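Asker: Got chain A sorted already, so can you dock chain E onto it with the hints?
As given, the protein sequences belong to chains A and E, one line each in that order.
Sequence positions in the first sequence follow numbering that gives the first Met the number 0 and run 0 to 68.
Sequence positions in the second sequence follow numbering that gives the first Met the number 0 and run 0 to 248.
Be careful, since some hints might not be right.
[Unchecked claim] Think about it this way: if two alpha-carbon atoms lie no more than 25 angstroms apart in a straight line, the pair counts; the simulated PhoX-like pairs of lysine-lysine are:
#1 E:Lys137 to A:Lys51
#2 E:Lys209 to A:Lys55
#3 E:Lys149 to A:Lys45
#4 E:Lys149 to E:Lys100
#5 E:Lys209 to E:Lys149
#6 A:Lys20 to A:Lys55
#7 A:Lys8 to A:Lys55
#8 E:Lys149 to A:Lys55
#9 E:Lys2 to E:Lys100
#10 A:Lys51 to E:Lys2
#11 E:Lys2 to E:Lys209
#12 E:Lys209 to A:Lys20
Because the hints were derived from the structure by calculation, they are not lab data.
As the structure is a prediction and not an experimental result, all values here were calculated from the model.
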Amino acid sequence: MTTRRTKPKTYSVANPHGIPKDIPILQFGDHEWFEGDDYIPPADAKAESIAKKVAKGFLIDADAEKADG
Amino acid sequence: MAKQSGLAQQFFVHGYDISGDVGAINNASSPRAVLDVTALNVSARERLLGPSDGMLDFNSWFDTAAGAMHAALSGLPTTDVILLWALGGAVGDAAAGLVAKQMNYDGTRGADGSLAFNVNGLADGVPLEWCEMLSAGKITHSSASSSSSKNDGAASSDGMAGYLQMVDIASGTPTVIIQESDDNGSSDAWATIIAFTAIADGAEPTAERKTVAGAVEQYLRITTTGTFTDADFAVAYRRGESVDDEAYT
Numbered sequence: 000m001t002t003r004r005t006k007p008k009t010y011s012v013a014n015p016h017g018i019p020k021d022i023p024i025l026q027f028g029d030h031e032w033f034e035g036d037d038y039i040p041p042a043d044a045k046a047e048s049i050a051k052k053v054a055k056g057f058l059i060d061a062d063a064e065k066a067d068g
Numbered sequence: 000m001a002k003q004s005g006l007a008q009q010f011f012v013h014g015y016d017i018s019g020d021v022g023a024i025n026n027a028s029s030p031r032a033v034l035d036v037t038a039l040n041v042s043a044r045e046r047l048l049g050p051s052d053g054m055l056d057f058n059s060w061f062d063t064a065a066g067a068m069h070a071a072l073s074g075l076p077t078t079d080v081i082l083l084w085a086l087g088g089a090v091g092d093a094a095a096g097l098v099a100k101q102m103n104y105d106g107t108r109g110a111d112g113s114l115a116f117n118v119n120g121l122a123d124g125v126p127l128e129w130c131e132m133l134s135a136g137k138i139t140h141s142s143a144s145s146s147s148s149k150n151d152g153a154a155s156s157d158g159m160a161g162y163l164q165m166v167d168i169a170s171g172t173p174t175v176i177i178q179e180s181d182d183n184g185s186s187d188a189w190a191t192i193i194a195f196t197a198i199a200d201g202a203e204p205t206a207e208r209k210t211v212a213g214a215v216e217q218y219l220r221i222t223t224t225g226t227f228t229d230a231d232f233a234v235a236y237r238r239g240e241s242v243d244d245e246a247y248t
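Bound conformation, chain A alone (with noise of 0.2 angstroms):
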């Protein structure tokens, strides 16, 4: 039996307060993201604060974005 691996769904970080370019706008332990950057949710984030990330304008659905062209 073989098990499908699902590709991690991908975020890309937004800015929703205006924060300067060199100032992280995500920290994860010892991980930062800044604006623009590519971000995939730790596994076992939970689905509601994902969720909440985007309805507040820090992460975009890169690929929502793309199915949207």
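Answerer: Okay, now just chain E, sitting in the frame of chain A:
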């Protein structure tokens, strides 16, 4: 929380830590104008609230040391000064923040030989804000790092105001930011919601108030970025409420 005394408090004037000089807070108030709009068809007064206001009035013992009260207060700037009265030195302690015009610097030499000055700060565009300390009073970040987070028990939806008092920097240029997370960074990455202006060594003492609109998550923390050594600062914040006169933007 139990009843508290007024001991071991801290007081900042636009980045100057004059906690060791201020002897008394005479008045921290948020007076409201009231408009009497009573109509002739009612039998009791009707009132509307007018503009909000704020005041911090305090006495300080005369001290000419570097960074002490005379340096902080004698200049009587025409620009705004940002005042912060921390009612304790722990994270979560109450604090009163005020963006103010400094009205006076009035000295009194008592017959007992004491030498004290009175200062009154009146609000400029923002009422007195009752905040909570996000730092444990004045703290030091020796280099870029994060302080322990504060759990407010629930998220809020009406924005936030943040106060920074930058007292001293040994070298470099720190930037102080406030970050939020809904699970203390366990799986929800910390997101930067307020970034105070970067301050280069030599530009302190200084202070800043910044606001952000919308939802604010349950956990907050202070992070510093940039290359620097030994930044001494204090941070307070206030979560907006739906009953505020004006929503934070």
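Asker: Take the hints in turn and mark each one as holding or not.
Answerer: Cross-check of the supplied hints:
no.	hint	in the structure
1	E:Lys137 to A:Lys51	violated (33 angstroms)
2	E:Lys209 to A:Lys55	holds (18 angstroms)
3	E:Lys149 to A:Lys45	holds (21 angstroms)
4	E:Lys149 to E:Lys100	violated (31 angstroms)
5	E:Lys209 to E:Lys149	holds (19 angstroms)
6	A:Lys20 to A:Lys55	holds (18 angstroms)
7	A:Lys8 to A:Lys55	holds (18 angstroms)
8	E:Lys149 to A:Lys55	holds (21 angstroms)
9	E:Lys2 to E:Lys100	violated (32 angstroms)
10	A:Lys51 to E:Lys2	violated (38 angstroms)
11	E:Lys2 to E:Lys209	violated (31 angstroms)
12	E:Lys209 to A:Lys20	holds (18 angstroms)
Against the hints set out earlier in the document, violations occur for numbers 1, 4, 9, 10 and 11.
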